[in-house]
Amino acid sequence: MNIRTHSRRRGLASRVAKTSAALAAVALVAAGCSGTAEGDGRTAIDYWLWDANQLPAYQRCADAFEEQNPDLQIRISQYGWDDYWSKLTAGFVAGAGPDVFTDHLTRYPEYAQRGLLVDLSTLDATADIDAGGFQEGLADLWVGQDGGQYGMPKDFDTVALFYDRNVIEEAGLVPEDLESLDWNPEDGGSFEELLAHLSVDENGIRGDEEGFDPDNVAVYGYASNGSGGTDGQTAWSWLAASTGWEFTNADVWGTEYHYDDPRLQASLAWLFGLVDKGYMAPFEEVGTAPNPQQALGSGRAALSVNGSWMLGTYANLEGVDLGIASLPSGPIGHPVSMYNGLADSVSAQSPDPEEAARWVAFLGSDDCQNLVGEAGVVLPARPAGTEAAIEAFADRGLDVSPFTDLVDNGYTVYFPVTDAYGSISALGAPIMDEIYIGNRDVATLTEMNEEVNAILSGG
Amino acid sequence: MALATPTRAGGEVRRRRRRDDTRLALAFILPASIGLAMFYFWPLLRGIYLSFTSWDLLSPVEFIGLDNYRDMIADPVFWNAVRVTVLYVVINIGVQTVVALVLAVLMQRLSQSTLLRGLVLTPFLVSNVVAALVFLWILDFQLGIGNQALEWIGLDRIGFFTTEAWAIPTIALVNVWRHMGYTALLIFAGLQTIPPTMYEAGRLDGASETRMFFGITVPLLRPILGLVLIVSVIGSFQVFDTVAVTTGGGPVDASRVLQLYIYDKAFGQFDFGYASALSVALLIILMVVTFLQYRITRAGQTDLN
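Respectively, the protein sequence lines represent chains W and B.
Quick note, the numbering used here runs 17 ahead of the 1-based positions in the first sequence.
Quick note, the numbering used here runs 65 ahead of the 1-based positions in the second sequence.
Calculated from the structure, these hints are not laboratory results.
Small disclaimer: the values here were computed from a predicted structure and weren't measured.
Honestly, I wouldn't trust all of these hints.
Here are the simulated distance ranges between beta carbons [said to hold, decoys possible]: (1) W202/B with G58/W: 46 to 54 Å; (2) G58/W with I129/B: 36 to 44 Å; (3) V126/B with E210/W: 53 to 61 Å; (4) E404/W with Y114/B: 54 to 62 Å; (5) W202/B with E404/W: 36 to 44 Å; (6) T139/W with L123/B: 13 to 21 Å; (7) F279/B with G290/W: 40 to 48 Å; (8) T139/W with I99/B: 52 to 60 Å.
Going by beta-carbon spacing under 8 Å, a handful of chain B positions derived as facing chain W [said to hold, decoys possible]: (9) S178; (10) G209; (11) D221; (12) G315; (13) V317.
In silico contact screen, one side only, chain W against chain B (beta carbon under 8 Å); selected entries [claimed, not checked]: (14) R92; (15) Y96; (16) I454.
Virtual Cβ for every residue (Gly too), placed ideally from N, Cα, C.
Generate coordinates for the entire structure from the input sequences, incorporating the hints supplied.
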């Protein structure tokens, strides 16, 4: 089933047109995953999502929906992030994908452009989405270049600082010391001072003390999020954005990227410079699959920047008395987080788009979003759902205001929504890795930017 | 199949068998032929056709002649992928063949134990993905027991999958571990075809085991060894899953082998035309390599007669 994991076959010809062969195989597999009519006369709607933590909440939504709509049946499938997109693409090729699926800002432009998504405003149940019914700006992110509404907002996420209160206290600090931190790309501000103090070498010497050995570090001040690729969602977007940098020349559908901006390059130089200082693990230790929650949980790192969708995971870390603080404020005087939102899209290949739209409308309603909020795993897109989630997290002793304040104050930058993200990411991710490894200078991003913009303009 | 062939009384069949086997043979060949045509030849032709087009799956196919091939020749990532793949094959096949040959000779000359022969084959029974995942954990920089062991014996930790110099050798050796038993078994089968009288004669002449290995085993094993090499080199060029599971092509492009690049282009970037052109390039590489191997090892002839 998993197209990432072909086994080695020995036939010469099979390799020849591997692409087509894989497609044929996938088509056969995918054909088993769709269908509309069930034995009991109900119309089945296939719904896909990737986050296993959210599955129970959406199952509750599906149950509630089926109760109100006895003629419909919701079949939920969950696949891990990587497999999800492979299966979805293969499903589209084979014409056997889901009716409704959880969509991501980096992916939907290419789907929409190829006519794979239904404009929700053309379907009865979703014809009049009230953009104002969601958190600020979320619905607009899903408006395509042609003005079509290609997704119904379901949740949003921002990033903040996770830490273990025990570690902070051992360092002679109090959680309040993590509030009102500041950062700049030149000397790192009080944020770097904090990272230095929280870094401890094998001999127990702290990073801000005499004799600290940056090559033999026991505890890194900062948990690496890897190189971050071309979006740096948790890795560097919040640093660069707090200098006033923006990804592209427009909020959405930009036509030029700004990787050539000195503010971005200085931010990256500061971040990856932490490796030499001994405040962050080298690439060698993290690789392309960083696991900051594990670094925090095992005491390998003291501070971890991560997204609100990871709240549940961090809260479940054993032996960690979890605290959450706001990101440091940057040169522009306040913190800035990437603001990303997921949505539900209807596949243009769905045989029952009107029925699918009814499910999507329900997913975007207070009824469902409150259920999701109460589960306390993500921050739903509708304000009532967000409130329900804030309460659910508070019941578990987690104050999520560092995430939500950013949105309330408008201290956010959008995930770059442009065309050709797949190609841009494939070009940029190895380059970012190389910068993290230390074999490439940030100034070379200026050349990369030219290539990126050439891809974007179809060159 | 049995249903498709006419059944006759025993005696009659025996008398006529020699004359008319064609229909029976065709009936036996038919199912495999359908599979071969549907899953090998048709995709092959379609893949070659697609390599002359620009196609993103969902828009109509656009014929662009040789553009993909021109792009490919100017594409540094492609040439890097070729270099990385060849490096992988050299390490993988080099080590694997030597280890398998030694294993096979040991199995033949030292022990007759079926249990031992079975044990040698066990890594091959583990799926590639599982083997890759297990080694990913064992060799993890921070938590892996492999790196712990290195530290115990006083060495520095090694980023097996996370440093550019180590990624391909590590992946190649993981696959050696998985495939050596299987290759050893093929070679072992070849060893069985060498008449024991040869070794008796050698022993009578006072030849040592080493001398007999180079004087008898290796020359007489050549056709089998040639075939094993051809088959395993083809398989080796097609490495994909171990890389996809462990490094995803990284660090940077250090392990971006051809198959992974093809997959990325097709399924990550919807560039099926270009991915098909890359696949055709792999086909050509494999054809040339196989042809050369066949000629050099003279795999079609034996010295036994």
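Structure-based check of all given hints:
Separation of W202/B from G58/W is about 49 Å and conforms to the stated range, judged on CB atoms against 46 to 54 Å. Between G58/W and I129/B the C-beta distance comes to about 49 Å, which lies outside the given range of 36 to 44 Å. Between V126/B and E210/W the Cβ separation comes to about 59 Å, which falls inside the hinted range of 53 to 61 Å. Between E404/W and Y114/B the C-beta distance comes to about 57 Å, which sits within the given range of 54 to 62 Å.
For W202/B and E404/W, the hinted distance range of 36 to 44 Å is satisfied, since their beta carbons lie about 42 Å from each other. At about 19 Å, the beta-carbon gap between T139/W and L123/B stays in the expected band of 13 to 21 Å. Separated by about 57 Å at the C-beta atoms, F279/B and G290/W break the suggested range of 40 to 48 Å. For the hinted restraint 52 to 60 Å between T139/W and I99/B, the CB-CB distance of approximately 44 Å leaves it violated.
Among the interface hints, the one on S178/B is violated; its C-beta lies about 29 Å from the nearest C-beta in chain W, farther than the 8 Å criterion. About 11 Å separates the beta-carbon of G209/B from the nearest beta-carbon of chain W, more than 8 Å, and the hint is not met. The interface hint given for D221/B is broken, as the beta carbon of that residue sits about 10 Å from the closest beta carbon of chain W, more than 8 Å. Satisfaction of the interface hint for G315/B is found here, the shortest Cβ-Cβ separation to chain W being roughly 4 Å, below the 8 Å cut-off.
The interface hint given for V317/B is met, as the beta carbon of that residue sits about 5 Å from the closest beta carbon of chain W, less than 8 Å. Restraint check, R92/W versus chain B: the minimum CB separation of about 24 Å is more than 8 Å; hint violated. For Y96/W, the suggested interface contact is broken, since its CB lies about 14 Å from the closest CB of chain B, more than 8 Å. Taking 8 Å as the C-beta contact cut-off toward chain B, the hint placing I454/W at the interface holds, the least distance being around 6 Å.
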